[in-house]
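A.B. asks: Sequences are here, hints too, so could you generate the full structure?
Here the sequence shown stands for residues 1 to 140, where the numbers follow my numbering.
FYI, nobody ran anything at the bench for these hints, they're computed from the structure.
Source: prediction; values computed, not measured.
Treat the hints with care, as some may be off.
The list that follows gives simulated cross-link-like pairs (lysine-lysine, DSSO-like), each with its CA atoms no further than 30 Å apart [claimed, not checked]:
no., residue 1, residue 2
1, Lys127, Lys21
2, Lys21, Lys76
3, Lys81, Lys99
4, Lys126, Lys24
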Amino acid sequence: MKQLIVLLLLLYSSLLFAQSKQEKEIRAVLALQQVAWNKADLTGFMAHYWQSDSLQFVSKKGIKKGWQAVYDGYQKNYAAKNEMGVLTFHIFSIEACSKKDAIVVGSWKVQNTSGNSEGYFTLWFKKINNKWVIILDHTS
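C.D. replies: The following block contains the structure:
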């Protein structure tokens with residue numbers, strides 16, 4: 001019985017470690033996105049989205065499919081550096097669904113010359129080729 005308890009504790013602690021490592025990696029990706037945005041580096045910001053025609057971006061304006069369509073949408077809405085402004089994220093939760101999938105819920109705020117824009121997001125991260133990328137972004 002004692003060995004079973006020790007085994008279960010080891011298994012539980014290894015799962016916690018894996019989740020915390022996963023969470024740290026995803027938080028690092030979001031931090032890189034924030035830094036890129038704040039330097040008006042849209043390409044750097046988009047580097048953390050899945051470069052695939054299957055990428056989905058959902059907003060009140062509808063659904064965009066594909067990396068290029070998402071990039072073009074950002075480029076249209078934030079054409080100049082002063083329009084990009086300063087982005088901040090607040091992460092409410094990161095839930096590991098598997099070793100290669102996680103769901104992130106948070107809020108965003110952009111302060112620019114036009115004022116403030118803010119809302120919420122749900123991101124589906126997937127680890128592809130040993131890199132965490134966003135495969136679905138639902139932003140409001």
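A.B. asks: Work down the list of hints and note, for each, if the structure agrees.
C.D. replies: Hint check results:
| no. | hint | in the structure |
| --- | --- | --- |
| 1 | Lys127 <-> Lys21 | holds (13 Å) |
| 2 | Lys21 <-> Lys76 | violated (36 Å) |
| 3 | Lys81 <-> Lys99 | violated (37 Å) |
| 4 | Lys126 <-> Lys24 | holds (14 Å) |
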